[in-house]
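Chains as they are written, first to last, in the working numbering: chain C, 1 to 243; chain U, 1 to 253; chain A, 1 to 808.
These aren't lab readings, by the way, just hints derived from the structure by calculation.
Wrong hints could be hidden among the right ones.
Unchecked claim - In the DSS-like style, the derived pairs of lysine-lysine whose C-alpha atoms are separated by at most 30 Å in a straight line are: (1) Lys99(C) / Lys3(A); (2) Lys3(A) / Lys108(C); (3) Lys71(C) / Lys99(C).
To be verified - Negatives, chain U to chain A, calculated, CB over 10 Å: (4) Gly27; (5) Gly29; (6) Ala57; (7) Arg82; (8) Glu104; (9) Thr108; (10) Ala200; (11) Glu219.
The beta carbon of each residue, even a glycine, is placed where N, CA and C say it ideally should be.
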Amino acid sequence: MTLQDIAPSVPGAPLLELQSITAAYGGIEVLHGVDLAVPAGTVLALLGPNGAGKTTTISIACGLLTPTSGKVLMAGTDVSGASAEDLARLGVVTIPEGKGIFPNLTVKENLLMATYAGVPMDHVEEVAYTRFARLGERRNQVAGTLSGGEQQMLAMARGLAVNPAVLLLDELSMGLAPLVVEELYGVVAQIAREGTSILVVEQFARTVLGVADLAAVMVNGRIRALGPPDEIENELSAAYLGV
Amino acid sequence: MSALEVRGVTVRFGGHQALSEVSLEVGNGQIVGLIGPNGAGKTTLFNAVCGVVTPSAGTIRVMGRDVSGMATHRRARQGLGRTFQRLEVFASLSVAENVRAGVEIRNTWERRGHTARQFLAQGDSLPADAEVELILNRLGLAELADVPVGSLPTGQARLVELGRALAARPSVLLLDEPASGLDETETADFGALLVELAAAGLGVLLVEHDVGLVMQVCERIYVLDFGSVIASGDPESVRSNEAVVAAYLGAGT
Amino acid sequence: MDKFLTFTVLGLSQAAIYAIASSGLVVTYTTSGIFNFAHGAFGMMAAFTYWQVHVAWGVPTWPAFFLVVLVIAPLFGAGVERFIMRGIEGAQEVVKIVVTVSLMVALIFIALWIWPEDQARPIGSLVSTGEVRIAGVTLTGQRLLTIGVAVIVAIVLRFILRGTRLGIAMRAVVDDRSLLKLNGGRPGRTSMLSWALGASLAAVSGVLLASEQAPSVIPLTLLVVNAYAAAVVGRLKSIPGAFAGSIVLGLSISYVGAYLPADAAWGPIALDNLQRAVPAIMLFVVILAQPQVSLRAHSLQRTSKPAPVPTQRLALVGGLVLVAAVVGFGSLMSTPDQNTMLKGFGFAIATLSLVPLTGYSGQISLAQLTFTGIGAVVMANWGASGHFGWVLVAIAVCAAVGAVVALPAMRLQGIYLALATAAFAIFCYWMVFQQQDLMPGSTASVPYLRVGPIQVGSDFGQLVVLAIAFAVMANILVALRRSAWGRRLTAMRDSPVACATLGLNLMSTKVGVFALSAAIAGAGGALAGRTFVVDDFSLDQSLPITMLAVVGGIGSVGGALLGGLLLGIQPLATTALAANAIGVFGFFSASVTQVMSVMPGFMGISLGRNPDGAASQIGEAYRDFSRSGEAVAAAIGSSALLWMGARTELITNWGLFAALVVLVFAVMPVLPALLPPPGGARKGRVLPTSIWLLVLLVGTAVVPWEDSIGSTGFRLLAILAWSVIAAGATLGVLGADPSGRMTPSAPSPDDVGLGAELGPSEARAAAVALGVDEDTFTMPTGTALETLRAGGAGRSHAAVSSDREPAR
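Starting from the given sequences, assemble the full structure and let the hints guide the process.
Structure representation (structure tokens):
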């Protein structure tokens, strides 16, 4: 059973919803009541400077971190406190910042790890190698020796093959060339069209605004602004470059 | 003679070229900004400058002296100080002890009459206690002197790192995102402190995501993207540079 | 040529066993990040279990073998992962090392307990069939089987780790545990399986080894050092590397045995034990050939609470009390007991030597008794007069040797440093202490101390000397910890890279502290005043020292005394309590002695649950006590009175012991609660309190413990039980509630955000009480304080809540 199977039970509920989440590391609160909702088929871009709490938000949503208060809802069901591995098996795919792959495993072995989410290996390989031909050429290469772009493609291939209900992406474009970023966001848009709720965290990127349906700016553990990307973009330029 | 001079520094990690022929210069009493998107190589450059990673090419000079082949601690003794993006505080010591450790480590290597620059007028021949007190007061940490650093919020822990680095009386200071975790008022105070340090003759190389702060305090800014300097100049020219805008916001819409 | 071939084959069959053992080590290390020092002990346990099943219970060879290797050992390994190792995930390297070392020590004692060394337990050859001749070399069936098993292990491991999802997940866990979770894998289960696999491989190697020579607990456990050496060749991560290392090691040992003449010597140095030192030499050489660990920011670690630094005054008082106690109680002891206490203090000093090294600077050494041995040998050979000058020479020699060992090893960290010191300990055991010129008859007699005209003349006198030495060195260490140098060591432990960027030369600082540590351990040897045998300086003797230094509480001087004496008084307990069985479970009985000998190991394992060490737990209860001058004075006064009672034979020694137990465990922790607080609110309690305590102690002391309870073990249990009752009664009678004093008061606005005890909810309560905007306290401390003090309410920035509709 996956989240998409549950979804109809609560009509109209967004696939991913955070309700007044607070979170703390070692007694220091870093999220002070975050509300976010990502309906099916929607890409929400979460933007903001370093230390704003974006990665913490992702950690809460994927189950690696338990909120000190507030609720995580998936398809209307309260999943706060569920383990990351259980959420992953329900169809939540998370690609953490800069380390979405196992560097000492080969490409093929990395893909094998995607099968825990309940998809057969044949399918994973087919999807991955069709969409990213370069991965097919390097299936027996150790992933740590791939270029940065290829590594992110490998990480994204998992998101693509699993056909997730919720996709959480942290700094997908970090350190990558613009062309590669564009290709990766093409994949993000493609996944969204299949009905997945996508939460993308980026520090700087106009590219993500191109594919996002909704953008939120986070500062100091709070959502500062939320709205259509074009409105947010102006606010961002101001925030980052002081124009 | 510049406080810091970096010439053609290249760093490779395996097949990945993290920095390619980066050159920059920080004059005495000058605050220089280094900005660029995440993963552009800013921290790698810091690590190369202070000897934590070994560049495959290039030279680094501190106060005119070539330090390229030196170990980290020898570079520090030439007057190079730094703070870290991921905190490297002495978590089990108190705020005062952190700064004090800096003073005491300096005392182990500083020779009498060493030419290290004085950032505070009275700083020369003070007893360690007084010097610690002076630094804590200036950074607004005096009230927290006895608090273990491990229990401080990030913003203040960063200030402790700065105080510790100052305790070694550097000639040039590399600051890696010192203002992240500070609120607006504190950031403004911090900016004023930087200006004061520079006025005392210290060269500062500042990596910071709060571009507002960088634009405000820096005389000169270098923009790093994919391991190369893509632009440099005064704040105005950098802000209006198309390549910079593209690097920050992606390849344009 | 025949000889060469024969020894080649012999070497290869040994190599096969090392290969199986070392690949098991590699499997657990790569999949859990924990280097299992107890790997050999796993194999040893398996060999004895096989003996139990096969020989004692008569199960046929192969069913017994598979039962042990494929059922019992994997279950044991999985259990170890689940209940011990999972707790230390992310802990400091030192804690990880100590937990597996403790497991090893505990297993050794458990094995000695279940299968005491009163009889040989040969398990016989696994295959009884004859011999095969290949190319003129005779191969026994056993050898052939061994090599065959190694080949099968190699193939099976390769298949599991490369070809199955489970095996690949095992490797994925090492790369990134949380990413595996995010993929839907279950790292906990994966780690458990990899420990099961590792234990199974240990069991195969253990049974194969034992089938060649009758199993014996310590040699079998330590043969794993050979596996360490082989595994290090593959940098602990590569199974083919471990196989290659095993072959080199197996052949080297075999050839050295074959071609080195029995009376070989290099100058004055006899080389007759070279063969046994080969694994240690190889381990050391391979470790030194490892590339430099690059200086980098340390990964996120669960840091232990730092041991509280005692004040110099407290250390001074503690030292004086220690010396007074030794003078007082030592004079009551019989001569053999005094001799045992000498040994105990020797251990305490060796443990103390780890305080600066492990506690302050976060390094580790498994070779402290080797330095004690060097100190003792120098003293015994050249300082036979006992003159104090020679003690200083011995200390200097140890410091110099320590520096030389540290110099190359210090570029390494954690596990490699631990292995390098282990190699040093083994090397010295075989190549230094076995030299008949240095230790004639394998003994070294350390003389009593002579200072100028004063000559110590008895064990008791030397015991006082050792107590003074311990007190002096402990005070020096406390002073050092409070000095600039001590702060530097702590700073270096917390962040080496930050220290380097401040201009600290890490290498010389580390070498310095290692030399200091070696010097202290050496002083323990030079002042020992007793006769050592070679086995006193073996690795298996040193391991518990390191273990107890950490168990006692990393870095605490008091913990060192506690830990060292615990080891030291074990033999005392052995003589006193030998015959007292406290339980009989089926096929073995447990005596008090055996329980006591296993206890330290379990205490070490308990670090898995509480990585801060036992002393910090126990210390919590006594901290209030030590802060209260009156309480300390009262305790010292009472023990002095009791001692006088025993001296004048008003009370028996057992009565004294019982009263002291009650004093330490029942009275001291509650004393501060009973005494008036500084404010003086409860003055009226002093008199009833004093009367009650007096009655309690005197009452305990005059009970005829010795006459009324025949067995020493039961007597001990009765005393312990009585002290628990006494503690309860003390609280009950006086109506004091020590925990009541801890009741938190309402948060003061001045404290908001400053104290660790005040969480967000308290802050919120304070803010609400003051009518301050709730958002204020989430700002960084300074600002929040200012705002709160000013009583003003900074309005929050409007946070826009989510818009449920996508803006398409």
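Cross-check of the supplied hints:
1. Of the supplied pair hints, the one linking Lys99(C) and Lys3(A) is violated, its CA atoms being roughly 55 Å apart against a limit of 30 Å.
2. Straight-line distance between C-alpha atoms of Lys3(A) and Lys108(C) comes to about 49 Å, which puts the hinted pair past the 30 Å bound.
3. Straight-line distance between C-alpha atoms of Lys71(C) and Lys99(C) comes to about 27 Å, which keeps the hinted pair within the 30 Å bound.
4. At the 10 Å boundary, the C-beta of Gly27(U) stays outside the reach of chain A, the nearest C-beta of that chain being 22 Å off.
5. With a minimum CB-CB distance of about 22 Å to chain A, Gly29(U) clears the 10 Å threshold, and the non-interface call stands.
6. For Ala57(U), the condition that its CB be more than 10 Å from all CB atoms of chain A holds, with the nearest at approximately 19 Å.
7. The beta carbon of Arg82(U) is not kept farther than 10 Å from every beta carbon of chain A, the shortest such distance being approximately 5 Å.
8. With a least beta-carbon separation of about 4 Å from chain A, Glu104(U) fails to lie farther than 10 Å from that chain, contradicting its non-interface assignment.
9. Listed as a non-interface residue, Thr108(U) fails to keep its Cβ farther than 10 Å from every Cβ of chain A; the least gap is roughly 7 Å.
10. With a minimum CB-CB distance of about 19 Å to chain A, Ala200(U) clears the 10 Å threshold, and the non-interface call stands.
11. The Cβ of Glu219(U) sits about 24 Å from the closest Cβ of chain A, beyond the 10 Å cut-off, so the non-interface label holds.
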